[in-house]
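> Spelled out from the first residue to the last, the chains are:
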Amino acid sequence: MSGAVRARVLVRPKAGILDPQGQAVERALPALGFAGVSNVHVGRLIELEVEDPDELPEMCERLLANPLIEDYEIET
Amino acid sequence: MKFGVVRFPGSCDDDDALLAAGRVGEATILWHADRDLQGVDAVVVPGGFSYGDYLRAGAIARFAPVMEEVAEFARDGGLVLGICNGFQVLCEAGLLPGALLPNVSLRFVCRQVSVDVIHADTAFTCACEAGQTLSIPVKHTTGRFYAPDVELDRLDSGGQVLLRYAPGQNPNGSLRDIAGVCNEHGNVFGLMPHPEHAVDPLTGSSDGLSIFESMRAHVAGRVLV
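Chains as they are written, first to last, in the working numbering: chain A, 1 to 76; chain B, 1 to 225.
These are calculated hints, taken from the structure and not from any lab test. There could be a bad hint or two in this list.
Said to hold, decoys possible - Straight line, CA to CA, 20 Å or less: simulated DMTMM-like cross-link-like pairs of lysine to aspartate or glutamate:
1) Lys14(A) to Asp52(A)
2) Lys14(A) to Asp149(B)
3) Lys14(A) to Glu151(B)
4) Lys14(A) to Glu61(A)
5) Lys139(B) to Asp53(B)
What you are looking at is a predicted structure, and each value in this text was computed from that prediction instead of being measured.
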């Protein structure tokens, strides 16, 4: 029971949904001289420790992400 | 007619909602941690930044004890109006379709907008005329209504889009200019514009009052029947 598992959940806007944050970053990088940047998307990273990693998908579905607008990826 | 206005930590338009509702009926505050809806005839989930809007706007508030009661009230056919953050909360709670995304401009917008009444035969718009234009302010950062195309088609054909931004007035990039939608049964309605801030000519418009008057008329009609 001692072993809490460290997990990371990556949440990003679903493909096809307009992502103005990603676009803003994509426009800002060339302004700093970085060329050749495309397909920028901004999401968020949630780090957590869980005793039962099997519960992670349900946590994502019910709270950590909004499945209508966001995709998530679980890393343990 | 008694309105209940939910107050979360971080609500900031609860007082104006109370005042607006109080102009057409009785109005009382419903505290987020209470489960007692105090026998109200309609619930208003007001604007603000409930629970700091942490994670996503409305994501945490929907788990508040009062929201469990509001969900049951809505399931039983009770009238629920969600304004701005309240709209976000109702979408997160699954009581309304779709979701609200950050404005395309990524900026906070605060201005008077014109919204067209698309359907006037509903509990929330029956004091309006179809095609009427209301002047109501918006003030938000996360107001871009989104739903997948098939869902948008369903909302259109089901008559669930009650308010649209007038041509050229869309302040946030909402798909199909949607400013307010109701659920399938027509008893839960959410909108980004703030009718509670437009109830007195002193502040530029009293058009918002018609939303509250519609709710009162609907409840009065239901009682008579």
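> None of the hints should be skipped; say for each whether it holds.
Results for each hint:
{"no.": "1", "hint": "Lys14(A) to Asp52(A)", "in the structure": "violated (27 Å)"}
{"no.": "2", "hint": "Lys14(A) to Asp149(B)", "in the structure": "holds (14 Å)"}
{"no.": "3", "hint": "Lys14(A) to Glu151(B)", "in the structure": "holds (16 Å)"}
{"no.": "4", "hint": "Lys14(A) to Glu61(A)", "in the structure": "holds (14 Å)"}
{"no.": "5", "hint": "Lys139(B) to Asp53(B)", "in the structure": "holds (15 Å)"}
Consistency note: the structure conflicts with earlier hint 1 alone.
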